[in-house]
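J.: Two chains, two frames, some hints: make the complex.
Next come the chains, spelled out residue by residue.
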Amino acid sequence: MDDHVKEDEQQLYKKVTRRSFLKMMGGLGLAGITMSLAGCSNSSMVEQAGGDGWLPQQYQGRGTWPAQVRGRVPIDPDNPSITRDDQKCILCGQCMEVCNNIQTVAGHYGLPLANDVICVNCGQCTLWCPTSAITERDDTQKVLQAIQDPNKHVVVQTAPATRVALGEEFGLPPGTWVVGQQVAALKRLGFDAVFDTNFTADLTIMEEATELIKRITGDIIKPLPQFTSCSPGWVKFCEYFYPDLLPHMSSCKSPQQMLGALAKTYYAKAKNIKPENIVSVSIMPCTAKKFEMQRPEMISSAHYWNKKGLQDVDVVLTTRELARMIKQQHIDLSKLPEQKYDSMLGEGTGAAIIFGATGGVMEAAVRTAYYFITQQQPPANLLNLTPVRGLDGVKEAALDVPGVGTVKVAVCHGLSNARQVLEAVRQGNAPWHFVEFMSCPGGCISGGGQPRSAVPPSDEIRMARINSLYQADVQAPRRESHENAEVLALYQDFLQHPMSELSEELLHTEYTDRGKKVREITA
Amino acid sequence: MSKGVLVDITRCIGCGSCTVACKMWNNLQYNQTAPDKGSGLNAENWTAVNRVQTEKNNEPVWRFVKYQCLHCEEPACASACFSKAIKKTKDGPVVYDVNLCVGCRYCMLACPFNVPKYEWNKTFPQVRKCQMCAGRVQTGESPACVSVCPAGALTFGDRNSLLAIAREKINSDSSYIKQIYGEKEAGGTSWLYISDVPFETLGFRTNITTTPLPHYTESILSLTPAVALGWGALLTGMYVYNHRRNEIAREEKEPGDE
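In order, the protein sequence lines correspond to chains A and B.
Per this note's numbering, the first sequence starts with residue 1, numbered consecutively.
Per this note's numbering, the second sequence starts with residue 1001, numbered consecutively.
Since the hints were derived computationally from the structure, they do not count as laboratory data.
Computed from a predicted structure; not experimentally measured.
Watch out, some of these pointers could steer you wrong.
[Said to hold, decoys possible] Okay, the calculated bits of chain B under chain A, using three or more residues with CB under 8 Å as the criterion:
| no. | segment |
| --- | --- |
| 1 | 1008-1019 |
| 2 | 1058-1071 |
| 3 | 1140-1153 |
[As the list claims (entries may be wrong)] In the DSBU-like style, the derived pairs of lysine-lysine whose C-alpha atoms are separated by at most 30 Å in a straight line are:
| no. | chain 1 | residue 1 | chain 2 | residue 2 |
| --- | --- | --- | --- | --- |
| 4 | A | Lys88 | B | Lys1117 |
| 5 | A | Lys308 | A | Lys274 |
| 6 | B | Lys1037 | A | Lys516 |
| 7 | A | Lys88 | B | Lys1122 |
| 8 | A | Lys517 | B | Lys1056 |
| 9 | A | Lys307 | A | Lys271 |
| 10 | B | Lys1117 | B | Lys1184 |
| 11 | B | Lys1122 | B | Lys1084 |
| 12 | B | Lys1178 | A | Lys516 |
| 13 | A | Lys308 | A | Lys271 |
| 14 | B | Lys1037 | B | Lys1122 |
| 15 | B | Lys1090 | B | Lys1169 |
| 16 | B | Lys1037 | B | Lys1169 |
| 17 | B | Lys1056 | B | Lys1178 |
| 18 | A | Lys271 | A | Lys187 |
| 19 | B | Lys1169 | B | Lys1184 |
| 20 | A | Lys327 | A | Lys142 |
| 21 | B | Lys1169 | A | Lys517 |
| 22 | B | Lys1037 | B | Lys1087 |
| 23 | B | Lys1169 | A | Lys516 |
| 24 | A | Lys517 | B | Lys1178 |
| 25 | B | Lys1090 | B | Lys1184 |
| 26 | A | Lys340 | A | Lys142 |
| 27 | A | Lys88 | B | Lys1037 |
| 28 | A | Lys88 | A | Lys327 |
| 29 | A | Lys152 | A | Lys271 |
| 30 | A | Lys142 | B | Lys1037 |
| 31 | B | Lys1037 | A | Lys517 |
| 32 | A | Lys152 | A | Lys307 |
| 33 | A | Lys516 | B | Lys1056 |
| 34 | A | Lys23 | A | Lys6 |
| 35 | B | Lys1088 | B | Lys1122 |
| 36 | A | Lys142 | A | Lys335 |
Positions of the beta carbon are idealized from the N, C-alpha and C atoms, including for glycine.
Extracted from the complex, chain B is given alone in its bound form (with noise of 0.2 Å):
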């Protein structure tokens, strides 16, 4: 079965315990120029709470917002590594191996949700992004950061589960917006969300293809095999041909000269 997170906007507090859980797990670094409250996603913030000043019925409120890699069910970083260093595991997370990533940075431009960071400071730099703990999450533990949540923000569980738990949330509590981010956006991911207040006001991208970006890829080239073989067919038959023909033509030559 595959894993998830859901998200519950309205239940995040800020106080950002999820953000230093992954920097203990993973080994990541701090930098007080970018902390992990406020600047976003880079190399050594894998995952960020940024605060939200926004509206909610002409009353001004804070909302806070954890933002990592959404984990897609179908990847454009992993269809777009042509190396295979990012791979969709079983479980659910996307995670990446240095040791067969090449460099190439595909990942970074194929993401439509801007996760994937690269050490433009470092000689042989990594792509770095949230690998949802794939090592817990395979030993049936949740991941660091949905491990310490002390508001109930997080919730860790199979994706088909949430996304009953978020549809029971938004359909009883009138004060939810009627979307479970993540459910369709790029064709679905593993983490989900839901808020009281617009999604595009919290800074996500709504304007996103619920067609899984692989797809749009895969039409074209599913046909390479196919493309390939064809060509060298249609070339070899030319050759043959002309091959042919050229044969023909020396040998009613011949008896001419003979």
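Bound-form chain A, shown alone (with noise of 0.2 Å):
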């Protein structure tokens, strides 16, 4: 028995000689490689076909539209506010998520186009985008190629809101106040002069509320309630969604617009300086200004001197992009001395700070109509309107004023909440005299062109600038529109009064129909 075991092992081991080993493993080989270059290794074809990619969560479901949030809103190529880089784009649908639900935008408009893509230049999608994919169209080198060339004198203008935000893009908390250190930074940057935004905006109270009055009191034949008419986003919005609604939108410019046509002519005459040699740059916290900026009727300074080619405001700057280029200078922004704004068009009031915030341009125009009505300065309620403060939707407030009764206002911000409001004017159950709209929610300070401090933007970021607003109201000097000095000097040695000719010329402006750019949605 053991000596069979033994042959039958001895027969086994021989079979798996090296020599077999050897063989059977080239064999393998050579049948490995027949078959694969016969193109036998892959099992099947359309396995391998085109994609093994990867696609977001929400994709990757079977089903048909709609499901969940979907695709990305459509950018011009040539949208002058914002742009996109399909590189970054991760097809999250945060970007249609703000502009279809809180902006009302996309979606809110019939298929097919016209010849437009139809956007409000807002710029939430910025704020939305968790991959920066989209931003705002970088205009940074047309400043600084401005600034090196000696034969131009470059202006530039700060808007209310981006003093309490641009701080956070160098690591302070939401809502510093830096306006001195914005002063200073801009001077190190190279312009020649520094303006503050909020002096405009005093002069847009002065110029508004006296429209209000005299629509009230019947002396300009136009519809109530006024509409305001300072964020470009709002203007636009109202251009293509409620045109037939146009009469009611107060005819002044933005306080951009109106500090742009007074650096060309105003500060131009009074410094004798070329207006062709002026570089009128802004610094906003809104995307939508950069449109507004180029729209066809902002050339008052042109017309003032009867020179093609001027343009009122040359550069729109968001507050990111200042930030960029404070940083591409190596300036530490937190480590600056303060500085003032630059006389003439410096002087801004408390009530122009609060325009950066929801409700702010109506407390701020309620002060001064109070006075103009009422030559009377206005009841400390009138210096803390608190209806009209905060982050709800729509605010509404009542107000006695002598002599005119019960005057009654409403703010809202964001576009959806504006949607309401405009439904309920176009149905004639609009009791309001005064509406101020802001595109963004918040209000400019949380605007589309603002630090990305939270994406999205959160309500706490947001309460944190606003109170920086109030609380710089509080504490300024002069709280009310109508005792800016700079704005009085304006007044005694330029535009003679409120609406006067030259006013109307440099300051007010006209709006375009874009009704035909929307179709109904029918389907």
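T.: Following this line, the structure appears as structure tokens:
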């Protein structure tokens, strides 16, 4: 028995010799190479055809539209305000979410398109985009070129809302008040004059309150309620979706455009600078300002001097772009000494400061309108108009003004809230005299050009910035627009009085009916 | 059932989600100098959205046209491919197998829609084109581009039911052009288009035959076996005949020699 087993084992052992093993491996290798050369390595052509890539989770499930958030907003390559880097886009759908539900633009027009990609340029999508694929269109090069040109006199203005947000780009807590450092940084960047948009915010109030009173008393035949016109995203929204209500819109330009027009007329005259050598830059919390600046009617200085090619504002930079410029020059904003705005177009009151918050324009206008009507200082409750403060979507207030009776006002921010008010006005259910509209939720402090301190923007950060503005208002030596000494000097030396002929030419504007670009939703 | 996609050009808002989804799913490279919006198809742009500025009722209008492989029912590229690297699957997609491709680029010449593109800048180039996400379609999912469309411009489904949907749409709404592009073009394609402006103004090739292109070659090439065998038979016959005649001649000569 044992011998037998041994023999078998020996036979088995013999079978796998080194030679036979190598022969087997060689044979297998040859067969493998032959098969893979013949294309047999892929079991199914379909599986390896095209992608094995990745898509965000919401697109992975089977099923058809509509399912969750999908796709992204269309952006015209020629859009002056925003641009998108496809390489960074992950199709998360956040831009669609904010545009469709909060701003009610995308998906709120019928198809097919006319000859326009409908966009109000508000830039909220840039704040919601988690990968920064959507950003403001970068215009910093234009500014750097102008600064380096010795023949150019570069003036810059800063909006009320940038001073409570710029610091966030440099590690300061949300809402930090950096107005002095911002001026210092702009001077270090080489701007020849640093002006404050607050100056023209006060001027806007002078003009807009006058217009309101004239509407109420019937001196100008235009419908009530009067709509504010400071927010260019809101203005374009009204032009697209509610063109029939454009007569309600105040004819006042936005503070940015007023300052642009004055810089190339009033300031140029006083300083004896040729208007064509002035480059007018503005630092805004807003992407829609880039669109507003290049509207064809914003050339009052060209009309004034009768010179073609003049534009009231030449370049608009967002807060983020300014931060980028400051960082490129290796300036640490938080360590700069505070500096003051230049005179002539540099003074602002507390009323102007709060322009940056929702309800602020209304509160500022009420203070001055009260003074215009009664020739008395407004009572304390009008200096702290709590019903129009805060982040409620639509806010209302009723004020007793001696001589006029009860004045009813409303404030809304975010364009979905604007729709509610506009529908009421369309149906004739609007008891108000004056309505403030802000395109962005929270007002300018949460505008599309502001630092991305939270993605998507949070109410905490909005409130931090808003509180900072109201605090500055309380501490301001002058809190009413009609007390602004430089504004009063401007009227005395140049414009004469609110809504004078020259004021109308430089500070007021007209609107474009864009209703044809928007189709009714049919299906 | 053969699948397809219906493109309603009137619904497209030009957001380009489809082009991004295509790049993501297929791992395609971005090229800033040839973006997928406006510069047409290339080896890395399997789909592109082009803006066309045209007129409708004397009013200027913009239309956005998504373009990609139309996945012909009887693809000329597959018929031209002698190495069987391009095939039409039963689900509808026309797919490409790089392992079988010899790089002859006959498919590029054969395609009536100018779709297949070549990687000219590579040492071992491939032919590149939309594969209609064949792997997704096989499992019942829509192609990546369709899955992300926010405007409802793209509909995925059985080709026959898509044709019915398209027909109903163009018949119920007078603004549509009464034509379904892809229903008959090149013998029919898996991707179908409907539009409210004429297709030729949108850059579509409209002078295309309705005969499936492989049929033209098929009518001749189907004779190949007969010709080959017949020619062989003829030559063999002639050989046998000559051989036999020479043999007889030799045999007749031989007796004289004896």
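J.: When the hints from earlier in the document are held up against this structure, which numbers fail?
T.: none
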